Structure formats: structure tokens, C-alpha cells
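Trainee: Spelled out, the chains give:
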Amino acid sequence: MSQQQTKNSITLKGSAQIICEYLRFAINSVLFQRGLYPPESFKAEQEYGLTLLISEDPLIKGFISDILRKSEEWILKKEVKKLSLVIINVSNKEVLECWDFNVQYEEGDVVLSKEKNEKVSSKDLKKIQLEIRDVMLQVAATISYLPLLDCRCSFDIYVHANPECNIPEKWMEAAPISITNAQNVQLKSFSTNLHKMDTVVTYKLMD
Amino acid sequence: MAQFNYLNEINSLATMDGPITRGPLQRWIKKSNNENINPSLSSSLKNISNANISSCNQSLQKLSITANQSCNNSALSNSKTPTRNENKKGKKTPCKTKSPGRSTTPTPNKASKTPNKADRFIPSRSNSNYDLCHYMMSRDEEKSEEAVSQIAASEAIGRVLTDTEPGRLLQYTCKAPAAPEGYQNRLRVVYSQAKVPSTVKNNTRYIPQAPERILDAPDILDDYYLNLVDWSPSNVVAVALGNAVYLWNAGTGQIDQLLTLEGSETVSSVSWVQGGSPHLAVGTSSSTVELWDCSKIKRLRLMDGHSGRVGALAWNMYILSSGGRDGNIVHHDVRQRDHALATVYAHTREVCALKWSLDGKYLASGGNDNLLNIWPLAEGQHYSQPQYLYSFNQHLAAVKGLAWCPWSAGVLASGGGTADRTIRIWNVSTGTNLNTVDTKSQVCALKWSLDGKYLASGGNDNLLNIWPLAEGQHYSQPQYLYSFNQHLAAVKGLAWCPWSAGVLASGGGTADRTIRIWNVSTGTNLNTVDTKSQVCSIVWSTHYKELISGHGYANNQLIIWKYPTMTRVAELSGHVARVLHLALSPDGTSVLSAGADETLRLWKCFMLDPSKKKGPTDSKAAKSLLNMNSLIR
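Protein sequences, first through last, are from chains A and B.
Using this note's numbering, the first residue of the first sequence is number 201, and each one after it goes up by one.
Using this note's numbering, the first residue of the second sequence is number 100, and each one after it goes up by one.
Treat the hints with caution; some may be incorrect.
Claimed, not checked - DSSO-like, lysine-lysine: derived pairs with alpha carbons at most 27 Å apart:
#, chain 1, residue 1, chain 2, residue 2
1, A, Lys-278, A, Lys-316
2, A, Lys-396, A, Lys-270
3, B, Lys-703, A, Lys-261
4, A, Lys-277, B, Lys-661
5, B, Lys-631, A, Lys-270
6, B, Lys-274, A, Lys-281
7, B, Lys-703, B, Lys-631
8, B, Lys-631, A, Lys-282
9, A, Lys-282, A, Lys-370
10, A, Lys-293, A, Lys-213
11, A, Lys-293, B, Lys-703
12, B, Lys-454, A, Lys-278
13, A, Lys-278, A, Lys-293
14, A, Lys-243, A, Lys-277
15, A, Lys-293, A, Lys-396
16, A, Lys-316, A, Lys-326
17, A, Lys-396, A, Lys-282
18, A, Lys-278, A, Lys-396
19, B, Lys-661, B, Lys-703
20, A, Lys-316, A, Lys-243
21, A, Lys-316, A, Lys-261
22, B, Lys-274, A, Lys-243
23, B, Lys-661, A, Lys-370
24, A, Lys-396, A, Lys-277
25, A, Lys-243, A, Lys-314
26, A, Lys-281, A, Lys-370
27, A, Lys-316, A, Lys-277
Unchecked claim - Computed list of chain A residues with no C-beta within reach of chain B, every gap over 12 Å:
#, residue
28, Ser-209
29, Cys-220
30, Glu-221
31, Leu-250
32, Asp-257
33, Ile-260
34, Asp-266
35, Lys-270
36, Tyr-305
37, Leu-325
38, Asp-334
39, Leu-349
40, Arg-352
Calculated from the structure, these hints are not laboratory results.
Since this is a predicted model, take the numbers as computed values, not measurements.
Every residue, glycine too, gets a C-beta built ideally from N, C-alpha and C.
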């Protein structure tokens, strides 16, 4: 029993934080690796044993953190199924690429949860970070097969919420995302045992 | 997914078409096929089975895409399929029932507009739902029409996310800014590809137009991480082709087959021992390292210790260090009965580069986990400690290029892959990153000058940078001496002139197509010549005042240039894909070119005329011309 208690446990809130931290690095990595913004506007940070690049642009930073703060609340309430990062051609508003981050809700460690009277996971944080690292390496490797984004691009993040979810202020419903001649690649997943994250990239296949 | 397995089994029992119907992707089938085949037929049959497998791979990839979206519906609606299947025999094989539009949806790493020599593509096996895909593929065509039409429909419509599940799609009303006006995606250089017309030639002396020898390499593995060619100090080239190792004596032209591995195993690395003795270490896909005596064509010993293929080998005296796909480095003492001295858990992914420093004090390992690790020597031993001295994680991509400085102990240069694009110089005695030559671009080429005074780096940002030596140090300063931005494309070929200090030749990529000659003492561009083709590699001759360049698209030729006038001496064609690598033989008379067309070709283009010795006079002439050039500018 004492062994159980000394074990690390991740609470629901902590797990949501891990998910959102991953999303922040993943979204920034995509922006950097896909060359959406000038590389000078990114700063290197050490995370998951990797060097990852984070945008220094105050507008981009603010946009991502606003969305992730709200998403963290939604994830805690299990109201979010998926976040989609879409890359849009500025001139004709065409969606060129879509990165889906699917959130699945898991049960965690049942025995330990009973003991603590809240849902917890006993998965080792180191192990989770190693799993995230594998996903990040794959994200960086995608530039070797994704088509060149040869135009001025912008990005947007859509949240796929439950039908009964309330729309907060400054948020609105969006039109469905569609990509013509699409090709998907599923990347690795990671899980905190409370949340499982699948990453899928969909891109427009150029002829 | 067990139900699908069951249905598949029923399916395959009912079909009589042969082994292919058993399903395309099962690894064990592929393996057993290869094992059953008579070795003499292996090459042709292997090709067929490979072709089948790859085509199935493609359709499978496609199915995995669409299946993930429509799987639930179609799988349920067709749940009665297998029982009806039992009555229908002689149906088409699943491989032929490829889904429509397959040709337009290749696997990602084969997409036409993407760079074709990718660093790596890591598919996610666990997420790809192979059982379901296999089930969907191996159903009869008639029954799967519904599914196929669904696939086609969803393909035509494109990708509609909301049709899968009900829910609200929300967006934040404050939007992120678009990229600044006029900003061009820097990755363009990675993708550039254009054809250029052929050129005229101007011969001034006889040079054989045909390669002295073409080493056909039909089964050479197209894998970035393997080390398949090694040229020994005693002038013997070892080449690994598929499951065999061939020795080719560059002096006599004699070819010997050293070994052939059994079954489907392949050779993944070869490395000659230092000092010119005829011992060759061979790493295999079956996780073993073999030591061969090439003078007797005899295997001396077989060493294990890995659980994945051995892709990197490095010698330090009698210690052989091997790096495997399992991420481990094993140190073998080839003299001892218990060869495995130590196993080092080095990387979480494949070890793709392994180099002992020239003084044997440090081992550097580069991995597919983007780490560069430095291992110190174990106390009084010739192998490394199990704990790394330093682990550098600054690279953003696989660390594929490693080079120890030949004249300064403990200085190491490392280069990252496409997603990284930097070179870093390390002092491994202090563990400091002496210099990050951050070109913000893929580093295509890196060369120390022969006198060690300058480091030249060519980048995918089209810059050629010259880095001077730091005051009283043996590594370069963090500030470049010159940065030449005249190249319009990636600077891939770099070569320091072996007989004239401070003279450097650089070649640009497809968008540039020029070779430029530089005097780095004065920072002047001595000469520029348009080659009309991508320059992949440059090598200087040691006998003649000439240099040879390897080219890509359009002609895939080698061109010999007279220095310093830069007139064409000869054009050597024969490769059908770009010339990736050039190497000069130890005696300087021949050039070995390695092409992307799976051939190695030897060109005796710098043969010495036995009747006269023209070397010294030529070099004088070249020097005086060089001086004149530098005076003029």
C-alpha cells in the first residue's frame, strides 16, 4: 500500500495540462517546420529532451494561448473531441492542410482513483514525455513528404465540441473543413491514461 | 479485430488463386516466400514479390485513410459477406481489386512534388489498423462495391470532418496574423527541381569516355541510415548489395564475392579495420556482426549482441564498435573469446552514425533521436564507458553527419538533417558547443581546408560561408570570415584545392548550376562557370590541375574542368540518375562515382602519362595563374 502512495499520480487537471502543453508545442512545431512564418520569429526551447521552436510573435502567442486555455477547461469537462489546426492559403482562403488532434477520454488507474476519491492516473510522467517526444519527432519528419506551401499562409484552430456545449463569448460556429484530393497520415499516439491523443495530418495532394 | 482475422481466414480458404490472396502485408509470408525460393532465382522473384508488396502497401495506405472514416458503416453493412463468399470461387485476387484512383494517391513519401530523398518517414503501425485494412482488401470485389463507391464518393467530396459524428465546430473570433507580405517559404529549396538542357564539350586531351568499370548494384539498399561502401587504405572497395558483400580491388579490377547471407537477411554496414590489413567487419539485418579475413575469403567470427540491424560500425584498434537499430552500441574485442566487452544504451532510436576520434579517445554517436552523444574511453581500456560524457540534444533532426577534426584532438563537427539544417562544432574535452554555424538552412557540405586554417560550409540557404580559425585554437570562430551569397541555390559540392592553399571550389544546386572558385585569403571569386546542371559533388585531381564535378537532373554526367580557366576537358556520361557521391582513389588516378541509379562507376580519368611527368610544371603554371587572378581582383 505504501508503495502505491509513493507512486506518482496524475490528476485529471494535470493530465489536461499535459495535453495542452503538448498542443502548444505541436502547433508551434507545425508552424515552424512547415515554414508558415519566418524562422527568425521563432525561439528554441528545450522540452521532452528535444529542441522545439516556439513562435515569438505576440499575436500568434496570444491566439494559441487563448484557445488552449479555453480548451483545457473543455477537456476537463469532456466537451472536446478534437482540435484541428488548419493551414489556409491567404489569397483564396483554401484549406491546404489540416492537423487533427483527437482527444479520447480514458479511465485512468481505477484502484488508485478509489483510494484518492478522484480520478487519477499512475502512468509515469517520464514515460508520457517519451511518448510525446516520439510524436514530436514525427511532426518534424513530416516536412520530408508534405507538399511545399508555396503561397502566403495563415492558420486557424477549430475546436470540435459536443452538441450541448455552450458557445462562450468571442467564439462562434465554423463551417466544416474540407480538403479536396486529401491524403491522411496518422502519426503516433500518446496517452496519460486519462486522455489519449491521436495526431493526424491531412494534406492536399498536388497533381 | 479478431473477427476480421477469422473472416479473412475463411476468405482465403475459399479462394484458389494462390498465395497472394492470403493477404499482402503479413511479414511472415514475405519472409517464408523468400526462404522457399531457390537462391539462383532469388533476384527476379524477389523483385516480383517486392513489387506486389509495395503495390499492396499503396492500396493499403489508401484504404487505411478512407477506412478510418467509413469503417464502422461499411464493416457493419457488409457483415454478411464472408458466408456468401464461400460459394464464390476463383474471384479476383485482392491485390487486383485495388481501389480506384490509387495512382493519384501514392504513399506520402512517394508524392511527386515532395523531395524524394527524405530523411525518414515513420509510419505509425499501431494506428494504421492493419487487420481491418486487410479484411477490407481481401473481401470479394462484388461485395465490396458498396464500400468502394463510398470510398470514391468520399474521395470526390474531399474531406468533410463533421460527417463522422454530430457536434459543434467552434472557432475563436480573434484570428492569428497571416505570414508577412512578401514572405517566401524557406523550404522551397528543399523542393526545387528543374531540368536544364545539355551542353557542348571541348576536349583538350584524351580521357576515356566510358567508365573503366561499372559496378552494377541492383539490390543496393536505398536506405539513408546504412553504410554500404567502404574504401580500404589498401585500395579495396567493399560494397554491400542486398544480402552479399563484394570486394573490388581498385588496383587490379578484380572482383570477389566475399559472402552471401542466407534467406532474406541483408548486409547493413561494412567497415575496414584501420591500418590496411585485410579485415572487414560486416553488420547484418539479423543483428549480428561478422568479421572476415578478405585475403582468405574466410569468416573469422560471428558476434552478436544487438536486437536490431547493425547500421553503423567503427574501429578503434582491436575494438569494433557497432551501432544498431535497437539504439545500442556494443563494443567487441575481436581478439577475445568473449567478444562483447560492453553494451551501451546509447539512443532511443537507430544509431545512424558512429565515429571514433582519430586519437581513439572519444566515440561519437549520432542517432535518429536527434541526439549526438560523446562517450569517453573506459579506464585503461580501448572501449567506451557505459555512461556518456556528453549528450547534445540541440539538433532538431537525425544526426547523420559526423566528422572528427583530423588535426585537433577532441574537435567534432556534426550536421543535422532536413528539419535541422545546422552544423555544430563541439569541443568534446570540455563538452562545449564551440560554434553553431546556424545557417538556418540544411547544411549540404562541410569541409576543413587541408592546412586547417579555414572551415567552409555550404548551406541550403544558398550561402557559402568561410570560417577562420579562432585565435590560438583549432576550431573556427563564431563569426565567419566571409559569407558568399552569390550562389542561387543550395551549396552542395565543396572541395579545397589540394595543391594551392586557400583555393576552394563550390557548386550550387539546381536553381544555381554554377561552380565558383574562391580565394579565401582574399575573399575573391576567382572564376565562375555555369554548368547547366545541378552540382552534387566536386573533387580536385591531385595529379592534374583539374577538378571533376558530379551532376544531377538532365544529363547526370561528370564533368572534368581545367583549372583555373574552367574550360571543359571532358564530359563523362553513363549514370541515369544523379551522381550523389564522388571519391578519389588513394593513388589519385581514378574517380569512383556513386549514382542514385544504383550503380557505382569507376572512371580512370586522371591516369598519368608514363612517358612524361607533368605534375610539377602544371602546378607552377596553376599557381602563377592563381596569383595573377588574385592580383587582378
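Trainee: Please write out, lowest number first, the hints stated earlier that are contradicted by the structure.
Mentor: Of the numbered hints given earlier, those the structure breaks are 3, 4, 5, 8, 10, 11, 12, 13, 14, 15, 20, 21, 23, 25, 31, 32, 33, 34, 35, 38, 39 and 40, listed in rising order.
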